Amino acid sequence: FQHQAFYKEIMQHNNKVYQSAVYPQIHWEDPHVKCYPDLEYYFRSAKVIYESYLAVRKEGKKNSEGAELLFNHTLMRVFRTLVFSKSSYLPNYATPFILWKLIVHLEPQLEKVEFLFDKYNDKNFFGFIKHRLQFNHDFARTSKKDLKLMDEILGLLVNNLTQSVNKVLSKS
1 FQHQAFYKEI
11 MQHNNKVYQS
21 AVYPQIHWED
31 PHVKCYPDLE
41 YYFRSAKVIY
51 ESYLAVRKEG
61 KKNSEGAELL
71 FNHTLMRVFR
81 TLVFSKSSYL
91 PNYATPFILW
101 KLIVHLEPQL
111 EKVEFLFDKY
121 NDKNFFGFIK
131 HRLQFNHDFA
141 RTSKKDLKLM
151 DEILGLLVNN
161 LTQSVNKVLS
171 KS
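Counted from 1, the sequence shown has number 61 at position 61 by this note's numbering; the numbering is strictly sequential.
Just so you know, the hints here were simulated from the structure itself, not pulled from any lab data. Given the structure is predicted, the values throughout are model-derived calculations rather than measurements. Hints are supplied without guarantee of correctness; some may be wrong.
[What the hints assert, rightly or not] FRET-style restraints, in silico, Cβ to Cβ:
id, residue 1, residue 2, range
1, K8, K58, 41 to 51 Å
2, G66, N14, 29 to 39 Å
3, P108, E152, 19 to 29 Å
4, F135, P108, 32 to 42 Å
[Stated by the list, open to error] Here are the computed lysine-lysine pairs in the DSS-like style, where the Cα-Cα straight-line distance is at most 30 Å:
id, residue 1, residue 2
5, K145, K8
6, K58, K171
7, K34, K58
8, K144, K167
9, K101, K112
10, K171, K130
11, K34, K101
12, K58, K47
13, K130, K47
14, K145, K112
15, K112, K123
16, K58, K145
C-beta: ideal position from N, C-alpha, C; glycine also.
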């Protein structure tokens, strides 16, 4: 029942994706208290890699090698921790796109950030991120414009994550 709050919100009649004549009755645990084990650990982990990204960006004015790699990994940590902080559900593995859709479902106002995704690298943002999470032996070809977008995307998301985690921790 650890992730019940998340599933209870998602598993509703209007969200079903298939038809069946027989639906078993779901037995929810009531009352249920959301559980956030290790939220501070995941948050600190996301903040530390974000600070590493910022250090590379600050020191790497002439050489931004590694910034894109740190951006991708920071983004995934922030996405995963955002889902956890907003739903008490910690996904073990999900693609960047699926994590983003969960985030938008949990906080619809963040959908506004997608315009930055569209500007980034003139490609399929989530496909590009997923591909770059795998090992590659290539030089970074990140433009100054894309580096600034990366900074803005992470800045907005880390700020939202910080607010979300502080809100959860203040209730405990």
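Structure-based check of all given hints:
1. K8 / K58: 41 to 51 Å: Since K8 and K58 have Cβ atoms about 44 Å apart, the given range 41 to 51 Å holds.
2. G66 / N14: 29 to 39 Å: violated (45 Å)
3. P108 / E152: 19 to 29 Å: holds (20 Å)
4. F135 / P108: 32 to 42 Å: holds (35 Å)
5. K145 / K8: violated (42 Å)
6. K58 / K171: violated (36 Å)
7. K34 / K58: violated (39 Å)
8. K144 / K167: Roughly 35 Å separates the two Cα atoms, so the pair is violated.
9. K101 / K112: Given that 30 Å is the threshold and the Cα spacing comes to 12 Å, the pair holds.
10. K171 / K130: violated (35 Å)
11. K34 / K101: Holds - the C-alpha atoms of K101 and K34 are around 21 Å apart, at most 30 Å.
12. K58 / K47: holds (16 Å)
13. K130 / K47: Distance of about 21 Å is within 30 Å: holds.
14. K145 / K112: Roughly 19 Å separates the two Cα atoms, so the pair holds.
15. K112 / K123: holds (18 Å)
16. K58 / K145: holds (15 Å)
Going through the hint list in order, the structure does not satisfy hints 2, 5, 6, 7, 8, 10.
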